[in-house]
Amino acid sequence: AQSVTQLGSHVSVSEGALVLLRCNYSSSVPPYLFWYVQYPNQGLQLLLKYTSAATLVKGINGFEAEFKKSETSFHLTKPSAHMSDAAEYFCAVSARGTGFQKLVFGTGTRLLVSP
Amino acid sequence: DAGITQSPRYKITETGRQVTLMCHQTWSHSYMFWYRQDLGHGLRLIYYSAAADITDKGEVPDGYVVSRSKTENFPLTLESATRSQTSVYFCASSEGQGGMNTEAFFGQGTRLTVV
Chain A
77 AQSVTQLGSH VSVSEGALVL LRCNYSSSVP PYLFWYVQYP NQGLQLLLKY
127 TSAATLVKGI NGFEAEFKKS ETSFHLTKPS AHMSDAAEYF CAVSARGTGF
177 QKLVFGTGTR LLVSP
Chain B
22 DAGITQSPRY KITETGRQVT LMCHQTWSHS YMFWYRQDLG HGLRLIYYSA
72 AADITDKGEV PDGYVVSRSK TENFPLTLES ATRSQTSVYF CASSEGQGGM
122 NTEAFFGQGT RLTVV
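One line per chain: the protein sequences are A and B, in this order.
So for the first sequence, our numbering puts the first residue at 77; every next one is plus one.
So for the second sequence, our numbering puts the first residue at 22; every next one is plus one.
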């Protein structure tokens with residue numbers, strides 16, 4: 077079975093500071109890993125996904141994440157936060173070869189960006 | 022408009038009433054999904070459908086019914102609403118089952134309150 081743990085339900089940063097959102101996964105088979113963003117009153121939007129190609133995955137809006145098998149982690153980073161990055165971020169995992177019906181979401185991390 | 026739309030966006034209903042949440046997508050995606058989003062739980066899959074007339078249970082199906090007579094529509098019905106079904110409901114669709122080159126697209130959500 078797959079699961080993800082997102083450390084920190086809330087993360088606060090200043091505008092221009094590094095953004096680091098943590099995600100650790102558990103999977104008995106090689107996983108696919110995803111980061112989704114949810115802006116206020118909107119649905120989820122895919123930021124990036126890892127599907128076994130490069131371990132450093134670049135996504136939209138300047139975000140990237142690195143797959144570290146030894147640490148079972150897939151942390152999301154952005155070098156410089158913008159006010160527009162304030163949103164909720166979800167990490168998700170599925171086993172390779174399975175469908176979205178097997179996608180397991182974390183509990184989410186709300187990113188707060190202050191001026 | 023192209024995309025995936027949910028209606029209504031907000032709904033208040035009374036305990037015991039039947040309520041139907043609508044989901045419509047214009048891409049002719051094969052797969053459609055219903056999730057509920059609750060604090061501390063992230064998103065959990067209620068039901069999904071692989072094609073018209075093919076549906077299957079997800080993680081939390083009890084108290085819900087779905088149908089899919091047409092590819093583009095995937096309504097979710099709460100047969101007798103309970104307060105525990107107060108939640109934000111998201112519909113999603115995807116072209117494929119969830120491999121490397123597929124992506125799930127989410128609607129804007131329906132906020133349901135059962136009083």
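Because the hints were derived from the structure by calculation, they are not lab data.
Accuracy of the hints is not assured; some may be wrong.
As the list claims (entries may be wrong) - Straight-line distance between alpha carbons at most 25 Å, and here's what the computed SDA-like set of lysine to any residue pairs gives:
id, chain 1, residue 1, chain 2, residue 2
1, A, K178, B, R38
2, A, K178, B, V86
3, B, K32, A, G135
4, A, K145, A, S79
5, A, K125, A, G135
6, B, K32, A, T183
7, A, K144, A, P191
8, A, K178, B, R89
9, B, K78, A, G92
10, B, K78, A, G119
11, B, K78, B, R38
12, A, K178, B, K32
13, A, K178, A, G92
14, B, K91, B, H45
15, A, K125, A, P191
16, B, K91, B, D59
17, A, K178, B, E93
18, B, K91, B, H62
19, A, K144, B, G84
20, B, K32, B, D59
21, B, K78, A, E140
22, A, K178, B, H62
23, A, K178, B, E35
24, A, K125, B, K32
25, A, K145, A, E91
26, A, K145, A, G119
27, B, K78, A, A171
Claimed, not checked - What follows is a set of in silico ranges between Cβ atoms, one per label pair, in the way DEER data are often shown:
id, chain 1, residue 1, chain 2, residue 2, range
28, B, E116, A, A130, 22 to 32 Å
29, A, L188, B, Y31, 41 to 51 Å
30, B, R30, A, A130, 17 to 27 Å
31, A, S104, B, S49, 33 to 43 Å
32, B, K78, A, P106, 23 to 33 Å
33, A, Q118, B, R104, 36 to 46 Å
34, A, S88, B, G37, 22 to 32 Å
Said to hold, decoys possible - Some but not every residue of chain A turned toward chain B, in silico, with C-beta under 8 Å:
id, residue
35, Y115
36, N117
37, L122
38, T183
39, G184
Backbone N, C-alpha and C define an ideal beta-carbon position, used for all residues, glycine too.
Evaluation of the provided hints:
Annotation: proposed proximity of K178/A to R38/B is violated, straight-line Cα distance about 31 Å (limit 25 Å). Restraint check for K178/A and V86/B: satisfied, since their Cα atoms lie roughly 19 Å apart, inside the 25 Å limit. For the hint pairing K32/B with G135/A, the CA-to-CA distance comes to about 34 Å; that exceeds 25 Å, so the pair is violated. A distance of roughly 15 Å separates the Cα atoms of K145/A and S79/A; the hinted pair therefore holds under the 25 Å criterion.
Proposed proximity of K125/A and G135/A is supported: the alpha carbons are some 8 Å apart, at most 25 Å. Pair hint K32/B plus T183/A holds up; C-alpha atoms about 24 Å apart against a cutoff of 25 Å. With a C-alpha separation of about 32 Å, the suggested pair K144/A and P191/A falls outside the 25 Å cut-off, and the hint is violated. Pair hint K178/A plus R89/B holds up; C-alpha atoms about 20 Å apart against a cutoff of 25 Å.
Distance hint between K78/B and G92/A is unfulfilled; the C-alpha atoms sit about 44 Å from each other, more than 25 Å. Proximity of K78/B to G119/A is assessed by CA-CA distance (about 22 Å); at most 25 Å being required, the pair is judged to hold. The hinted pair formed by K78/B and R38/B meets the criterion: a straight-line CA distance of about 22 Å does not exceed 25 Å. For a cut-off of 25 Å, the pair hint linking K178/A to K32/B is broken: about 28 Å separates their Cα positions.
The hinted pair formed by K178/A and G92/A fails the criterion: a straight-line CA distance of about 36 Å is larger than 25 Å. Restraint check for K91/B and H45/B: satisfied, since their Cα atoms lie roughly 10 Å apart, inside the 25 Å limit. A hinted pair counts as satisfied when its Cα atoms are at most 25 Å apart, and K125/A with P191/A does not qualify at roughly 29 Å. At most 25 Å may separate the alpha-carbon atoms for a hinted pair to count; K91/B and D59/B exceed this at roughly 29 Å.
As the CA atoms of K178/A and E93/B are separated by approximately 22 Å, the hinted pair is consistent with the 25 Å bound. Taken as a hint, the K91/B and H62/B pair is broken in the structure, with Cα atoms around 31 Å apart against an allowance of 25 Å. Restraint check: the Cα-Cα separation between K144/A and G84/B comes to about 40 Å, which exceeds 25 Å; the hinted pair is violated. For the proposed pair K32/B and D59/B, the alpha carbon gap of about 16 Å is at most 25 Å, so the pair holds.
Using a Cα cut-off of 25 Å, the hinted pair K78/B and E140/A is violated, with the two alpha carbons roughly 33 Å apart. With a C-alpha separation of about 16 Å, the suggested pairing of K178/A with H62/B holds against the 25 Å cut-off. A threshold of 25 Å between alpha carbons decides the hint, and for K178/A with E35/B the separation of about 32 Å lies outside it, so the pair is violated. For a cut-off of 25 Å, the pair hint linking K125/A to K32/B is broken: about 33 Å separates their Cα positions.
The suggested pairing of K145/A with E91/A is violated, with an alpha-carbon distance near 31 Å, which exceeds 25 Å. Between K145/A and G119/A the CA atoms are separated by roughly 30 Å; this puts the pair beyond 25 Å, and the hint is violated. Restraint check for K78/B and A171/A: the C-alpha separation of about 18 Å stays at or below 25 Å, so the hint holds. The hint said 22 to 32 Å for the Cβ distance between E116/B and A130/A, and at roughly 23 Å that hint holds.
Hint check: L188/A to Y31/B, Cβ distance near 25 Å, so the stated range 41 to 51 Å is violated. Roughly 39 Å separates the CB atoms of R30/B and A130/A, a value that falls outside the hinted 17 to 27 Å. The supplied range of 33 to 43 Å is met by S104/A and S49/B, whose beta-carbon atoms lie about 34 Å from each other. Roughly 26 Å separates the CB atoms of K78/B and P106/A, a value that falls within the hinted 23 to 33 Å.
Range check, Q118/A to R104/B: Cβ separation about 26 Å, and the 36 to 46 Å hint is violated. Range check, S88/A to G37/B: about 42 Å between beta-carbon atoms, so the 22 to 32 Å window is missed. Residue-level restraint check for Y115/A is violated (minimum Cβ-Cβ distance to chain B is 10 Å; threshold 8 Å). Interface restraint check: N117/A against chain B, minimum CB-CB distance 7 Å, threshold 8 Å, status holds.
At about 5 Å, the closest approach between the beta carbon of L122/A and any beta carbon in chain B falls short of 8 Å, and the interface hint on this residue holds. Hint on T183/A holds. Least Cβ distance to chain B is approximately 5 Å, under the 8 Å limit. A cut of 8 Å between beta carbons decides the hint on G184/A: the least distance to chain B is about 6 Å, and the hint holds.
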